[in-house]
Amino acid sequence: MRLSRVYVSIITIRHRGLGKATYNLLMWSWFHKFGSPRWFYDFSTRVLPWLAVLCAAFLLVGVVWALAIAPSDYKQGNSFRIFYIHVPTAVISLVGYYVMAIAGAVSLIWRMKLADIVMKEAAPIGALLTFVALFSGAVWGKPTWGTWWVWDARVTSMLILFFLYVGVIALHKAFDNPEQSGKACAVLSLVGTVNIPIIYKSVDWWYSLHQPATIKFTEESTIHPDMFWPFLVITTGFYLLYAVALIANTRLGILQREYRTQWVRSRLQE
Amino acid sequence: MAGKTIIKAVLRREFLLSVRNASASLNGVWFFVLVCGLFAIGIGPDKEQLGGLAPGLIWVTALLAVMLSVDALFRHDYADGSLEQLLLAAHSLYFLVLARLMAQALLIAVPLALVSPLLALMLGMKAAGLPVLILSLLLGVPTLVMIGAIGAALTVGFERGGLLLALLVLPLYVPVLIFAAAAVVSAADGYTYAGQLMILAAQFVLAVALSPLAVVAGLRLNYYH
Amino acid sequence: MHPQRKQRLQIIVFVLIAVAIAAGLLLYALRENINLFYPPADIAAGKVAVGQQIRAGGMVREGSVERSEQNLQVRFVVTDYAADLVVNYDGILPDMFAENAGVVVAGKLTENGEFEASEVLAKHDENYMPPEVAEALEQSGGSSEAEY
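Chains as they are written, first to last, in the working numbering: chain G, 1 to 270; chain E, 271 to 495; chain Z, 496 to 643.
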């Protein structure tokens, strides 16, 4: 590997007596520190409570604002409020796939254990979000489209995204060896990343073939400011929720993976 | 270049194996015919209804047949150790895998394409769609083989990879299914279909270039201890 | 050149060529119009054969909806402001169906030039606003729908 060659040459530089600061910078000590499960565990112990409080605050304000204060829609009435759950979960479930794939790529290239754990923990969270988006879409579809399920482009894409997540989870469970399962899931999620734009484009076309989206009233979807602000707050809340869930699950994953080590024992005894 | 002789040897081996073991290669075709028959039995004998559904039914069945054939793609080589030899050789592994996938794609696509007119007639599909059905299978099935090979490489270490393979691979088959079935439907109804076939071809070219990378990575991880 | 590096270069060149070919094929495909959707103007121009399963869409013309007293039979006019299409439908319309709103109908053209719909879908227009705002817009005549 090219990287290991760089590594070796840096080590020789150090032996030639270069300054420690240069060495640290070249050695990407920050990168390795960040990649250490132990460092992440201790760091997140400090950060997680603050993040959780922030998340709860945003969600509380967002939910009250969206459900009670924000105006109802001129056409859809109160059923429009499902929008405030449906859209953030749908967006984050897609973002979550890329979070998973990037973590997978990092673990594949730099063999970083933390990235491996993050990738595996991101899959069930993403699947759950996708499910919530699908479910809220169905509930929203009943009053607006007159049916629980419509093979709409976005609904169909979400369904496939859900199965992409299911595939990663199933593959992860199939291996006994965590190293192998990490690599396999990383390869699969990278393949999925290449495919997602193709799948989305083809489903879009398929939908416009069967249910034309050609009648467009405006170029972009527009939303009134009174509805946009609660949406922004609640979306931020959902992003924070995603971060909190991912960090908390990663901590659990670290404990499971490292339970034999001394530092885990000492943390658990505290 | 020494790589060329190795690739030739790989191709020769693939074709010889499939000829010597013809009954196993035919299983996919029988499956294809049988499941289409099951659809007819399940839906009812109404030819008009079946004819409208035929492009979709035939394509979904072909897709399942490909997935099941691909499952065994690396399993024998994994069991008898020749896969490990291949990976150790490491000589232009990308092109070796690509050669193998191309050979398999040909061996799987051509029989399916050959029997498809028979199924189309049995299901009462409009005759105008027939040439496009064959073309779409010849263009689309190789893509499915390439994508399926990624799943097969990832699951080669498992005794029973079938269901898992389906979960991994079927969502990735969606774009091929959409354009292939749409091409056949358009042709059967007398509309233009060149656009859909072009997109199938584009997907094939992309799969040819990218899937060997993932297959090699997938095969390698099975030898990680 | 180092054999391994040479091989890597070969792979990269191969992938790049493949991506270029795929892009070319896609560009060619995009020039073709592969939609089975027709606005009323195309139907009026005789681009659709009688009895062919298609989809059509446009706005429901104001005041054109006639409901039968006895059964669920509905008759309305879909327009793209260039041509009109008379649609007959037997079934329950979705809640979002309204005059002056977007609609997509699936079905076939009959001999007398009318459209026999087997399915009616209301098109929700991705504009979200409170009722008072919509009213105000309507009064000022600047409704988003009128700008179609």
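By construction, these hints were calculated from the structure, which means they are not laboratory data.
Just so you know, these numbers come straight off a predicted model, no measurement behind them.
Heads up, the beta-carbon is just placed ideally off N, CA and C, and yes, glycines get one too.
Among the clues, some could well be false.
Here are some of the chain E residues that sit facing chain G, going by a computed Cβ distance under 8 Å [stated by the list, open to error]:
1. Met392
2. Gly394
3. Ile448
Residues from chain Z shown here face chain G by an in silico Cβ test under 7 Å; the list is partial [what the hints assert, rightly or not]:
4. Ile506
5. Pro589
6. Glu594
Residues from chain G that keep clear of chain E, each with C-beta distances beyond 12 Å, as calculated [said to hold, decoys possible]:
7. Gln180
8. Val244
9. Glu258
Each hint, compared with the structure:
1. A hinted interface residue such as Met392 (chain E) counts as satisfied when its beta carbon comes closer than 8 Å to some beta carbon of chain G; here the least separation is about 26 Å, so the hint is violated.
2. The beta carbon of Gly394 (chain E) comes no nearer than 22 Å to any beta carbon in chain G, farther than 8 Å, and the hint placing it at the interface is violated.
3. Because the smallest distance between the Cβ of Ile448 (chain E) and any Cβ of chain G comes to about 5 Å, under 8 Å, the interface hint for this residue holds.
4. Violation of the interface hint for Ile506 (chain Z) is found here, the shortest Cβ-Cβ separation to chain G being roughly 15 Å, above the 7 Å cut-off.
5. For Pro589 (chain Z), the suggested interface contact is upheld, since its CB lies about 3 Å from the closest CB of chain G, less than 7 Å.
6. About 13 Å separates the beta-carbon of Glu594 (chain Z) from the nearest beta-carbon of chain G, more than 7 Å, and the hint is not met.
7. Look at Gln180 (chain G): its CB is around 6 Å from the nearest CB on chain E, not clear of 12 Å, so calling it non-interface is violated.
8. Look at Val244 (chain G): its CB is around 28 Å from the nearest CB on chain E, clear of 12 Å, so calling it non-interface holds up.
9. With a closest Cβ-Cβ approach of about 20 Å to chain E, Glu258 (chain G) is found to remain outside the 12 Å limit, as its non-interface label requires.
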